[in-house]
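Enquirer: Sequences and hints are given; from them, build the entire structure.
Number of protein chains: 2
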Amino acid sequence: MNKHVFGNFDHIPEKEIAPGFLSKLIHTNSNTINFITVKAGSSIPLHRHMHEQYSFVLEGAFEMTIEGDTQVLTPGWYCLIPGHAEHGGSALTDCRLVDVFNPVREDYK
Amino acid sequence: MNKHVFGNFDHIPEKEIAPGFLSKLIHTNSNTINFITVKAGSSIPLHRHMHEQYSFVLEGAFEMTIEGDTQVLTPGWYCLIPGHAEHGGSALTDCRLVDVFNPVREDYK
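Heads up: the sequence lines are chains B and V, in that order. For the first sequence, the working numbering assigns the number 1443 to the last residue and increments by one with no breaks. For the second sequence, the working numbering assigns the number 1443 to the last residue and increments by one with no breaks.
By construction, these hints were calculated from the structure, which means they are not laboratory data.
Below are the SDA-like pairs computed for lysine to any residue, each with C-alpha atoms no more than 25 angstroms apart in a straight line:
no., chain 1, residue 1, chain 2, residue 2
1, B, LYS1358, B, ILE1346
2, B, LYS1358, B, HIS1381
3, V, LYS1337, B, PRO1379
4, B, LYS1373, V, PHE1340
5, B, LYS1337, V, GLY1402
6, V, LYS1373, B, ASN1342
7, V, LYS1358, B, GLY1417
8, B, LYS1443, V, GLY1417
9, B, LYS1349, B, MET1384
Listed next, the stretches of chain V that the computed footprint assigns to chain B, with coverage defined by at least 3 CB atoms under 8 angstroms from CB atoms of chain B:
no., segment
10, 1340-1351
11, 1363-1375
12, 1385-1392
13, 1396-1404
14, 1408-1415
Cβ coordinates follow ideal geometry from the N, Cα and C atoms, glycine included.
Expert: Next up, the structure:
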């Protein structure tokens, strides 16, 4: 990313990163930004990755567990997940979430 | 950030980073995430910083100029601003924006 970009999500293809998790992904030099639509009842099992993760909810309710602590995230809530921390969660309703990962998720490219 | 965090924006004090730009700031190990409410008509002059910046609009219309190119950002639009690129903009309506900076904005702490 040496040149600036103006873009619209309409032009980003949707990718199903886990069953029921539909992502639009943007990779900068340093981060991956993940705009996710999740169907109610979809869940992602506990997992770990080396990337630091910051997540927040735009719409709906998502139950997140990090290292054994659980919180229902609704608009206004956010969470910070250090690299290698165990986490996972379930959509209690249809949701829209944003994740920011650092460094870039090469596995999502 | 060695431990995970669940937090709510209600508990983050608002900071006026420029006239009419009210921010709620979160610093991770690698990034600063900036949730901004901007009053219609407020503008931020052209400026540069070493931080890479990713911005998108949650509500409203924000006219952004980067290196001489101008685009009105509405929900669905985003922009990527490389480090040291000249940029600035104006709120055409009341807006809610999100900026992600890498590395951390030490000047915003």
